[in-house]
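2 protein chains.
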Amino acid sequence: MEKRVGVLLSGCGVFDGTEIHEAVITLLMLDRAGATAVCMAPDIDQHHVINHLTQEETGEKRNVLVESARIARGDIKAVKDIKASDLDALIMPGGFGAVKNLSDFAFKGADATVNAEVKRILNEMVSMNKPVGALCIAPATLTKALADKQHPEITIGNDMGTSAALEAMGGRHFECTVEMAHVDKVNKIVTTPAYMLGPGIKDIAKGIEKLVDEVLSLI
Amino acid sequence: MEKRVGVLLSGCGVFDGTEIHEAVITLLMLDRAGATAVCMAPDIDQHHVINHLTQEETGEKRNVLVESARIARGDIKAVKDIKASDLDALIMPGGFGAVKNLSDFAFKGADATVNAEVKRILNEMVSMNKPVGALCIAPATLTKALADKQHPEITIGNDMGTSAALEAMGGRHFECTVEMAHVDKVNKIVTTPAYMLGPGIKDIAKGIEKLVDEVLSLI
Chain A
64 MEKRVGVLLS
74 GCGVFDGTEI
84 HEAVITLLML
94 DRAGATAVCM
104 APDIDQHHVI
114 NHLTQEETGE
124 KRNVLVESAR
134 IARGDIKAVK
144 DIKASDLDAL
154 IMPGGFGAVK
164 NLSDFAFKGA
174 DATVNAEVKR
184 ILNEMVSMNK
194 PVGALCIAPA
204 TLTKALADKQ
214 HPEITIGNDM
224 GTSAALEAMG
234 GRHFECTVEM
244 AHVDKVNKIV
254 TTPAYMLGPG
264 IKDIAKGIEK
274 LVDEVLSLI
Chain B
64 MEKRVGVLLS
74 GCGVFDGTEI
84 HEAVITLLML
94 DRAGATAVCM
104 APDIDQHHVI
114 NHLTQEETGE
124 KRNVLVESAR
134 IARGDIKAVK
144 DIKASDLDAL
154 IMPGGFGAVK
164 NLSDFAFKGA
174 DATVNAEVKR
184 ILNEMVSMNK
194 PVGALCIAPA
204 TLTKALADKQ
214 HPEITIGNDM
224 GTSAALEAMG
234 GRHFECTVEM
244 AHVDKVNKIV
254 TTPAYMLGPG
264 IKDIAKGIEK
274 LVDEVLSLI
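Listed in order, the protein sequences are those of chains A and B.
Just so you know, the working numbering puts 151 at position 88 of the first sequence, and the rest follows in order with no gaps.
Just so you know, the working numbering puts 221 at position 158 of the second sequence, and the rest follows in order with no gaps.
Each statement offered as a hint is correct.
The list that follows gives simulated cross-link-like pairs (lysine to aspartate or glutamate, EDC-like), each with its CA atoms no further than 16 Å apart:
#1 B:Lys146 / B:Glu180
#2 B:Lys193 / B:Asp276
#3 B:Lys140 / B:Glu180
#4 B:Lys124 / A:Glu123
#5 A:Lys182 / A:Asp211
#6 B:Lys143 / B:Glu187
#7 B:Lys140 / B:Asp106
#8 A:Lys124 / A:Asp106
#9 A:Lys124 / B:Glu123
#10 B:Lys248 / B:Glu277
#11 A:Lys143 / A:Asp106
#12 B:Lys265 / A:Glu272
#13 B:Lys265 / A:Asp94
#14 A:Lys265 / B:Asp94
#15 B:Lys269 / A:Asp94
#16 A:Lys265 / B:Glu272
#17 A:Lys66 / A:Asp276
#18 B:Lys146 / B:Glu187
#19 A:Lys248 / A:Asp276
#20 B:Lys182 / B:Asp211
#21 B:Lys124 / B:Asp106
#22 A:Lys269 / B:Asp94
#23 B:Lys248 / B:Glu216
#24 A:Lys193 / A:Asp149
No lab work stands behind these hints, which were simulated from the structure alone.
Using the sequences plus the hints, can you model the full thing?
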């Protein structure tokens, strides 16, 4: 049976949505491994829209599900329509959208609130003992979502401020290099720093490939 | 000396801009091969904006350079600021943007007009005997842009209607499978069908890797 892996998106673009390279490389590595990606995103407005050329806010309104559909070539569902029983595993790519749209960690740090549907699907996955992977800054939203239930080992690389905020939310931070993934075998949580470290697309691809392999092996 | 390869984008999303998977895999393969990607796009409005969830037009206005910047993580220039002498080669990913924004081939077929700056940079490349790669439907815009100068061998896979339009514009179409790239050694033009054939991201990645290798070997 083909493994079905949710890919939880948060828009389309590093500064206000999903980091595009991380999402596409996740989809590539899943397909190469023979797994089926099930793309999903919450059907909510983005926190804001950033012009990626100037890094300024544009004042536009865009919807997270609609913009995420660009990465998924239209093959995507609202998170509310997905249950953990539909999936064997779930992966969250990074980008600021993961902490601006899926939660407000980018603005509130350890006091963040996680989107209710995102919190629901992540907790369902963990309750069913199904593996969850998170890239880049996405472990922040994951840690907060699971805080009532578990205190996973996670990595976002080596940034002191961010790792302190993760520990304040109940995570146990481990330093990690970009070409590696940190595996919490007990909680079945796999994380990799990706563009929290960079420096380039070939570097993050190594860590994402490891993460996908580890997530699939934990199913 | 590191090879500098232009990556000519046309927005961000398969239905109204650059096909995101094709662009990201092009960037990945260039980085793995030790080449530097120089992302660029014309500073013009998109022909239209398509909601990628419903495939309907939204009526919004978006700029091709600004949206392309999402794929390039902000590291992108306007085509008008790039000369062929800055580059060793150039690659055009596909997606409808390549034939809606870089030209109007999607609407006018063989009677298409190519954006003036896009036509200029492509003709400069060819005049300097520098290789050009094109993915998916992008060979249509490339063929039209070069029609006064050369009649390259190109592929868009095996679609009869599209290949007939390419031949009407002076191209010589060769059938090709998704995991391969067609090489015109005389004109230094390399093309691969990518999502003109699909079916999946791992399949198009094979052809794009071949295309990148062939383009770099022609420098």
